[in-house]
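Student: Here are the chains, one letter per residue:
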Amino acid sequence: MTETTDLDVREGVDRETVETVQNMGSYKYGWDTEIEMDYAPKGLNEDIVRLISEKNNEPEWMTEWRLEAFRRWQTMTEPKWAMLNYPEIDFQDQYYYARPKSMEEKPKSLDEVDPKLLATYEKLGIPLKEQMILAGVEGADEAPAEGRKVAVDAVFDSVSVGTTFKDELAKAGVIFCSISEAIREHPELVKKYLGSVVPQSDNFFATLNSAVFSDGSFVYVPPGVRCPMELSTYFRINAENTGQFERTLIIADKGSYVSYLEGCTAPQRDTNQLHAAVVELVILEDAEVKYSTVQNWFPGDEEGKGGIYNFVTKRADCREARAKVMWTQVETGSAITWKYPSCILRGDESQGEFYSIAIANNFQQADTGTKMIHLGKNTRSRIVSKGISAGKAQNTYRGLVTMHPKATNSRNYTQCDSLLIGDQCGAHTVPYIEVKNTSSRVEHEATTSKVDDDQLFYCRSRGMDEEEAVALVVNGFCREVLQALPMEFAMEAQSLVAISLEGSVG
Amino acid sequence: MLKIDNLHVKLEEEDKQILKGLSLEVPAGQVHAIMGPNGSGKSTLSYVLSGRDGYEVTDGDATLDGESLLEMEPEERAAAGLFLAFQYPVEIPGVGNMTFLRTAVNAQRKARGQDELSSGEFLKIVRAKAKDLQIDAEMLKRPVNVGFSGGEKKRNEILQMAMLEPRMCIMDETDSGLDVDAMRLVSEGVNALRDAGRSFLVITHYQRLLNHIKPDVVHIMSNGRIVKSGGPELALEVEENGYGDLLAEAG
Numbered sequence: 001m002t003e004t005t006d007l008d009v010r011e012g013v014d015r016e017t018v019e020t021v022q023n024m025g026s027y028k029y030g031w032d033t034e035i036e037m038d039y040a041p042k043g044l045n046e047d048i049v050r051l052i053s054e055k056n057n058e059p060e061w062m063t064e065w066r067l068e069a070f071r072r073w074q075t076m077t078e079p080k081w082a083m084l085n086y087p088e089i090d091f092q093d094q095y096y097y098a099r100p101k102s103m104e105e106k107p108k109s110l111d112e113v114d115p116k117l118l119a120t121y122e123k124l125g126i127p128l129k130e131q132m133i134l135a136g137v138e139g140a141d142e143a144p145a146e147g148r149k150v151a152v153d154a155v156f157d158s159v160s161v162g163t164t165f166k167d168e169l170a171k172a173g174v175i176f177c178s179i180s181e182a183i184r185e186h187p188e189l190v191k192k193y194l195g196s197v198v199p200q201s202d203n204f205f206a207t208l209n210s211a212v213f214s215d216g217s218f219v220y221v222p223p224g225v226r227c228p229m230e231l232s233t234y235f236r237i238n239a240e241n242t243g244q245f246e247r248t249l250i251i252a253d254k255g256s257y258v259s260y261l262e263g264c265t266a267p268q269r270d271t272n273q274l275h276a277a278v279v280e281l282v283i284l285e286d287a288e289v290k291y292s293t294v295q296n297w298f299p300g301d302e303e304g305k306g307g308i309y310n311f312v313t314k315r316a317d318c319r320e321a322r323a324k325v326m327w328t329q330v331e332t333g334s335a336i337t338w339k340y341p342s343c344i345l346r347g348d349e350s351q352g353e354f355y356s357i358a359i360a361n362n363f364q365q366a367d368t369g370t371k372m373i374h375l376g377k378n379t380r381s382r383i384v385s386k387g388i389s390a391g392k393a394q395n396t397y398r399g400l401v402t403m404h405p406k407a408t409n410s411r412n413y414t415q416c417d418s419l420l421i422g423d424q425c426g427a428h429t430v431p432y433i434e435v436k437n438t439s440s441r442v443e444h445e446a447t448t449s450k451v452d453d454d455q456l457f458y459c460r461s462r463g464m465d466e467e468e469a470v471a472l473v474v475n476g477f478c479r480e481v482l483q484a485l486p487m488e489f490a491m492e493a494q495s496l497v498a499i500s501l502e503g504s505v506g
Numbered sequence: 001m002l003k004i005d006n007l008h009v010k011l012e013e014e015d016k017q018i019l020k021g022l023s024l025e026v027p028a029g030q031v032h033a034i035m036g037p038n039g040s041g042k043s044t045l046s047y048v049l050s051g052r053d054g055y056e057v058t059d060g061d062a063t064l065d066g067e068s069l070l071e072m073e074p075e076e077r078a079a080a081g082l083f084l085a086f087q088y089p090v091e092i093p094g095v096g097n098m099t100f101l102r103t104a105v106n107a108q109r110k111a112r113g114q115d116e117l118s119s120g121e122f123l124k125i126v127r128a129k130a131k132d133l134q135i136d137a138e139m140l141k142r143p144v145n146v147g148f149s150g151g152e153k154k155r156n157e158i159l160q161m162a163m164l165e166p167r168m169c170i171m172d173e174t175d176s177g178l179d180v181d182a183m184r185l186v187s188e189g190v191n192a193l194r195d196a197g198r199s200f201l202v203i204t205h206y207q208r209l210l211n212h213i214k215p216d217v218v219h220i221m222s223n224g225r226i227v228k229s230g231g232p233e234l235a236l237e238v239e240e241n242g243y244g245d246l247l248a249e250a251g
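If you read the protein sequences in the order shown, they are chains A and B.
Residues in the first sequence are numbered consecutively from 1, following the UniProt record's numbering.
Residues in the second sequence are numbered consecutively from 1, following the UniProt record's numbering.
Hint data in this document are derived by calculation from the structure and do not stem from the laboratory.
Hints are not guaranteed to be accurate.
Said to hold, decoys possible - Sample of chain B residues at the chain A side, in silico, Cβ under 7 Å: (1) Ser50; (2) Pro74; (3) Ala80; (4) Leu84; (5) Ile92; (6) Pro93; (7) Val95; (8) Ala104; (9) Ala107; (10) Gln108; (11) Arg112; (12) Gly113; (13) Asp115; (14) Ile226; (15) Gly230.
Computed from a predicted structure; not experimentally measured.
We treat Cβ as the ideally placed atom computed from N, Cα and C, and that holds for glycine.
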């Protein structure tokens, strides 16, 4: 019987893909919401930083922390080593703060949130109202209720508009709220951990984020607690010429477990929008964090106009023994992607995993990968990267695996596969490997292949149209990574794979 | 059912004529076999009928129930009821055999305006049909044709045929690489599908398969044409004497 259920679910997932391919336009989330916005003036200076801090009712120490970052940022230059081509970004020609006017007085519950905002999220398919989710759970008698519940924190432009399931999480001792709320309500935790994985001075974009981040999510899972549901954040950029700088901080205390999902969309605009986020994971002894991302920011149109510039710093610190982290990402959106979710394997026997699907179509450019920094003894890491390039896109895997002298008996396995669709795209693999002890082992495997005409013909001769056939073959290529995603996300990811490759053949 | 009329086909990339005026008619409910020496154009015929790229039809036509196949996309031909059992079934890594089958079945149902099968219905049907072909649950889960033995690949083709229920089945050397037991299983699978509304075009080198799947008509193909047609006895003649005499006779 178990086997049947297993098969049923997988089957359902695949059917979803096919349906989605047929039902959807090329970028489904490209509409915008007309909401009165409150902007800070364009440009960036100390006053703007202070204003952001003030708008969030932050304590003095936070303001100082931001200013310190801002001063540092002014001395830094934008990194240019990635295989990315884009016009110079004028950082003074951006809005650094935008929020819906109705959010000026923070709503106390979801009922007070502007219905237009809620409608936006509903359109995105994100159930913000707890009742809706609960109704869904009650309807599904046989389904394990635990697995179905997802607590959501939704971030609209610069501010968090609501977090669901707070009470239930609080019962378990889990704190899940917006970061601005955490700064006010849990300053001791924020002070202790903010910037402890990605320091203010880390890199140009992370430092910028440290100065101007407006909101984001905060999670604390206390010792020994297995978070009773999946936690999820949905980011949406709506306002034009607005940068989005969210900051996520997750702390998994000793022996705890949490699975966190992150999704992103943005309206279709012909100007480029800037997104520079920072995600910090702190994982203590015997704790485990799974962090999954489906990134579907607007990729620009078929001529390469518009799209999000996505510069993200994500890092997990397995700070103590046997800490475990798993990054899974499905990157289908953005005009430019610059992102390397990394693992610092500091604790002995800690483990890091990175599973990635990066799809670049039309004029998209992706430079993405990971860093596995082995510091502790007997540490393990695994990298599975699937890059798909179509149209005129360029897709680069850039990875660093380093075994420090003290990281004895450690291991890494890296598998890096690239798939090309058409003859005008590019796939590049840039692995850096440093081994500074004699007992560790590093393996690297890489392949590059083209979508095979025989495979497509075989599928089509069985009745699938060309796009279904491509989606099926590409989903097969990505299988190992899709399987690493939580079920609900796997479905969404499969559909996205299909959608983002529309029009890539023929 | 299937009518091929004076079909001329050349390779797209080079100036090489493969089919040179081939004509053939398979009425509903009949099994026709095509035999012929290597290089006579048998596989090309099966590919052209199912719509593979790389061939150019320079003259003639092929119709299924009066509708020209040549203008249709491969998936439209499949939805119209044409099926090709491949000589070399293609591997698709990472795609479960079951997923593949279900996507194909539902794509065709959708194209014909039928409701898709629910996963429960689908499972029930596929399990029953797989059992007849001695395909176990494990093989249904494995990626399409990846690591399958020759016999498993061919049985899998027949399973697809059984699931898709085409009206016109073309089998391209399905017997190649099969041992005696696999040959029997495949033939039983095919025979179970024979009915008044379904036709078969069986391409083979050997009479052996035709002992199991009894043809109504046997065609001998050479140099891009049918040079002789007759009853099952024609296959026996080839088996005994080779193609030499027949071809000389056809001149």
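Student: Next, verify each hint and record whether it holds.
Tutor: Structure-based check of all given hints:
1. Given the 7 Å rule on beta carbons, the hint for B:Ser50 holds: about 5 Å separates it from the nearest Cβ of chain A.
2. Given hint, B:Pro74 at the interface with chain A, holds; its Cβ is 4 Å from that chain's nearest Cβ, closer than 7 Å.
3. Look at B:Ala80: its Cβ only gets to about 10 Å from chain A, farther than 7 Å, so that hint breaks.
4. Among the interface hints, the one on B:Leu84 holds; its C-beta lies about 6 Å from the nearest C-beta in chain A, closer than the 7 Å criterion.
5. With its C-beta approaching chain A no nearer than about 5 Å, B:Ile92 sits inside the 7 Å limit, and its interface hint holds.
6. About 6 Å separates the beta-carbon of B:Pro93 from the nearest beta-carbon of chain A, less than 7 Å, and the hint is met.
7. With its C-beta approaching chain A no nearer than about 4 Å, B:Val95 sits inside the 7 Å limit, and its interface hint holds.
8. About 4 Å separates the beta-carbon of B:Ala104 from the nearest beta-carbon of chain A, less than 7 Å, and the hint is met.
9. Interface restraint check for B:Ala107: the shortest CB-CB distance to chain A comes to about 4 Å, inside 7 Å, so the restraint holds.
10. A hinted interface residue such as B:Gln108 counts as satisfied when its beta carbon comes closer than 7 Å to some beta carbon of chain A; here the least separation is about 4 Å, so the hint holds.
11. A distance limit of 7 Å between C-beta atoms decides the matter here; for B:Arg112 the minimum to chain A is near 9 Å, and the interface restraint is violated.
12. Given the 7 Å rule on beta carbons, the hint for B:Gly113 is violated: about 14 Å separates it from the nearest Cβ of chain A.
13. The beta carbon of B:Asp115 comes no nearer than 13 Å to any beta carbon in chain A, farther than 7 Å, and the hint placing it at the interface is violated.
14. Taking 7 Å as the C-beta cut-off, the interface hint given for B:Ile226 is violated, the closest approach to chain A being about 24 Å.
15. For B:Gly230, the interface hint is violated, the least distance from its beta-carbon to any beta-carbon of chain A being 30 Å, above 7 Å.
Going down the numbered hints, you'll see the structure goes against 3, 11, 12, 13, 14 and 15, while the others check out.
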